[in-house]
Each structure stands twice: as structure tokens, then as C-alpha cells.
Amino acid sequence: MDHPAIEILDVGRVFTESGKNLVALDGVSFTVGQGEIVGLLGGNGAGKTTLTKILSTLLLPTTGTARVLGADVLRDPTAVRARQSVVLGGDRGLYGQLTARENLRFFGMLDGIAHRSLMARLDSALEEVGLAQAADRRVESFSKGMRQRLHIAIGLISDPRVLLLDEPTVGLDPVEAARLRASVASLRRSGVAVLLTSHYLLDVEELADRVVMLDKGRVTHEMSVADFSASLGYTATVVVRGSGAAPAQERFRPTGAVGVRIEADAGGWQLTLQLPQWSPAVLVGLGEALGQARIEGMEVLPARLEDAFIQLQAQT
Amino acid sequence: MSSGAPNGAARTGFATAVARVGARWVRILAASARMQILVIRSHPAVPITAVVQPVVFYVVMAGQHGGADSPAQRASRLIAILLTSLWGATLWAVGGILRREIAEGTLARNLTSLTDPRLVVIGKCLGSSLLVLTTLVGTSLVLALVTGARVPLDAVPWMLLGAVLVALSGTALGFALCSLFVLTRHAVHVTAALTYPVFILGGLLIPTSLIPGQLSWLSRLISLYWADQFLGRVAGGGAVPLTALSMLVLLITLYYVTGHVLFRRVVDRARRKGTIDLG
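So the protein lines, in turn, are chains U and C. Residues 1 to 316 in the numbering used here are what the first sequence spells out, letter by letter. Residues 317 to 595 in the numbering used here are what the second sequence spells out, letter by letter.
Read the hints as simulated data drawn from the structure, not as lab findings. Keep in mind that the hints are not guaranteed to be accurate.
[Unchecked claim] Think about it this way: if two alpha-carbon atoms lie no more than 20 Å apart in a straight line, the pair counts; the simulated PhoX-like pairs of lysine-lysine are:
1. U:K216 / U:K20
2. U:K144 / C:K589
3. C:K589 / U:K216
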């Protein structure tokens, strides 16, 4: 039977603290298909970590069911652990007195990888995350980024079919982050499903097929990344700076802009247009609307997922 | 008869699988033990509890006897000192193992793996016990050479067996204690409450004949009491005390079972209350 990679059905979690009930998750339901990458978004306290803990079998749900490739986190946690890997990220979760290679070998052993196979894969796994040179250095001397890369090597060494990635690019420089995103993208091609929790929306934008947004423990939005971006109502923001008299706002209606803002600037003005689409025809229309205005500069910014996230969060 | 070959093949396959799992467990235990040795080997508490403390104890006790005792009595005294120091060192060396695993985020990682995380904790307790015991045995050998304490040659294999059982006892006790210290908010007080009562009730500081009758049954629950009985008797050239040996093995098993129950509680509580953080 072909199960979804992750199936979350009406999952709730209540914490009791000093006699008070705190609802961390309330009726959360969604699925992640095999080979699909889903971004789990939400502000602090939205319930992302609680959900990741439940899926990684570290926390029991109060209500509902969570399954990984058909295995229930409550009834069959061992099967869940056999099918998925968790990249916890951060500074912790590694043995500082051991070298990178020893950590990788140790956690590989715990994941049940056969000795010969594990030994054969250590070097290539460290190479893939750029730690080959530091393989025999103690982890206590590692930078945050190096620790993060080691976490990823540990998460991937068991060839999981489902991967829970929690803030994978925290602490990585732009080059390393790009390399990591390429590695995760290649996982999709090999059929690995990924639930990606990240505050860096660039990760989600580049990797995810779909986005699930949590707020106060509930799913507020679930949509494709394209729909998520489109939820803004515009795909590009055009900023024009000029001097002299500012053009009238109503001249820009023909461009189809959903938002027009003209602000006085030191010695000039700045026009900000939010456009549903950016095309040569729109550029011509914009030129006509600007007429004889004196233009000092112009830039076109593609709509960012971050803008969509902020807008959707404000709505909820 | 035709099913004999497949059954034989199945048995061989099963045996191979068991051997593989066993080898993996041994590797995990060894790696965990080594890790713990790396953590505590440079800690000043090791020479204090395993070198300075037994030497001071011996000097104090030797002063009371004025050198008029036999080599066998000296050996017996050394054994009591070794076990006394071992208990103090065990409390220090293993008590914080699980707390450290939680604080460093490694328990969360181990709990999400396919291997029973108890194996890692037991391996670390074993590492602590081995380091402390090896250092203590070294100190005792030096003291034995200096003071002329002797054990009969034919007692050596039994002494080695006793040392192995003492190491296992320290590991089992450590496993139970480090789980208990996570479950209670009063780990420091529990440690203090356990230290001297075990010294006294175990018959390590004073003879058990001086313990009031109503409390003497408590001595029987302390593995070090039986270790002292066993090692003291064989070091003195007496017959192997099988009761002491059996009780020692029984109590080690009991401590392991207690450790398993307490560890299960730690994990169950964590899964119910979310007390173990990711990363």
C-alpha cells in the first residue's frame, strides 16, 4: 500500500503548566507525499517544534494520529525511526570529545547501519558536507556552521525515506547554505520526502513544493509555494526615484498596479508600485505614465516569500 | 525430513543476525565507554577519589593497627578501602551522565535512533567504572607493594572475577542512579544521603557487627557489602564464599532491572511532558 510520507490527522497537544492548560497544537492535519518537500512555517510559539517533536517520537500527541510511511508514532515508534531521520540542527546534539568521523560513525551505528557499509560511507558522507579536511578534529573545536554540516551528514547517512529538517541553514555562510539546498533538492529526485522547518524563507522558496503555515497551534494556510507567493497579489515591486515634480498617482492606474505609493524624498520623490506581473508591455505603460518626470534611478524587485508570510500572518 | 535443511539454514541465518546485533551492541558499548573516559579522565576528581582518598584512608587505618597485623589482614583492609573509594567515585563519575546527555542534546538524538538509548548510558557508566576501578586497582597495588600486603596466588583468579563483578556493580548502580538523578529535583541531597550510609551499612568503614540489628538487613542490599565479603575471604586464603558471590550477582541484576525501570520512566515522562528538547 502506498502511504503518504507523513500523515498528520487532527493532531493536538496540550501542555499543563502550574495547573493551566497550554494548547500547543489544535487539530492539525496535513500530509506530505513521498518525494515531496513541504515547508512548515510559523512565528515563534506557532507549534512547529512541538509538531517536529511528535513526528520524531520525542513527544506524544494528546489527540489525533501522526504516521510516517504508515507507521504510527504512538503505536510503532521503532518503525517510524527506521523510516525517517531527524536533523535537529543547532550547537547541541553532538559529542564534543569525539571527532567528526567518530560522531558520524557512532550515530550511524545507533541508526543500525551495518559496520562494513558504515565504514565505507564515512568518508564520502563527510566529503559531501565539506568536512573531509576536518574529519579527525574534535567537534568541540567546530564552528556553528561545521556542526550544522555534521548534523546533516548524520541525518543523511542512514539513507532515510523521510527527513525532518529543522532550520538546516542556520549558521551556514551563503555558499554552504546554497550547497545544502542543492543537496536537499537532490534528495527529492531520489524520492525522499522532507518536512522543512525554517525561518529562512529562501530555503522554503527554493526547495519546497508546498507550504503549511501554523499559527497558535492551528493550520492557517496550506498551499503551493507558487500560490503562497501569489497570495500577495503581486509578483514584483518597482521602485522609481526621481527629482523635480512628482507624477500624479492616478497616472499609474493603467499599469494594473495593485499598490501605488509616492513619497517625498530628500530633494525628490520615490514611487513604489506593486505589479501583478512584470512584462515589456507593463514597462512601456510605466514609461508613458511617468511622462516627462525626471528619473534618477529604477529597480525591479521580485516579490519575496517573506512578504507573503508577513502579510498572511498579519491577516490571521 | 525434507524440512531439515531449510530449518538448519534458518537457524544459521538467525544465529548470524544475533551475532551481528551482538557485535553492534558491543561496538556501541565500547564507543560509549571510551567517550565517557575521554570526558572524565582529566577531571581532578579522578586522582582525588581514586589515588589521594585511598592513600589517606590507608594511612589513617594503618596508624590504628601500628603495623602489628598480618599481610592477609592488610590485603583485607586494602580491599575495604578500594570499595569505599569506589563508591564515592561512582557517585561522582556516573551520577551526572544522563543529565549531561539531556543538557547536551545527545539524548534526543539517541532517542530518535534505532538503538535502545539505554545501551549508550550503560556504556558510559561502564566507562566511568572501568576508569575509576583501574585507577583504584593501580593505587591498591602500589599500596600493597609498599605495605607488604599479600594475597595467595591461587586467589588471584577469584580476585579478578571479583574485580569484574565490582565493575559491573558500579555500572549497574550508576545506571540506576543517573536515571534517578534525572527524575528527582534533589540529586545533590540524594547523593549526600547515600554516601556515608553505604560506607557504614556496607561494612566498609566499620565492621557490620557494630551495626544495630534492626538495620543490618540493609547491609544485605548493598552489593559492596557482598563484594567485601567475597574479596576479603578469598584474599585471606579461605574457601570461596559462594553465598557472597551469588548475592553479588543477584544484586547487580537487581540494580540493572531498577536502572531499566527508572530509565523507562525518564523517557516516558519526557514523551508525555516534552522535557527533552530537540537540538
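For each hint, the structure was consulted:
| no. | hint | result |
| --- | --- | --- |
| 1 | U:K216 / U:K20 | holds (16 Å) |
| 2 | U:K144 / C:K589 | violated (29 Å) |
| 3 | C:K589 / U:K216 | holds (19 Å) |
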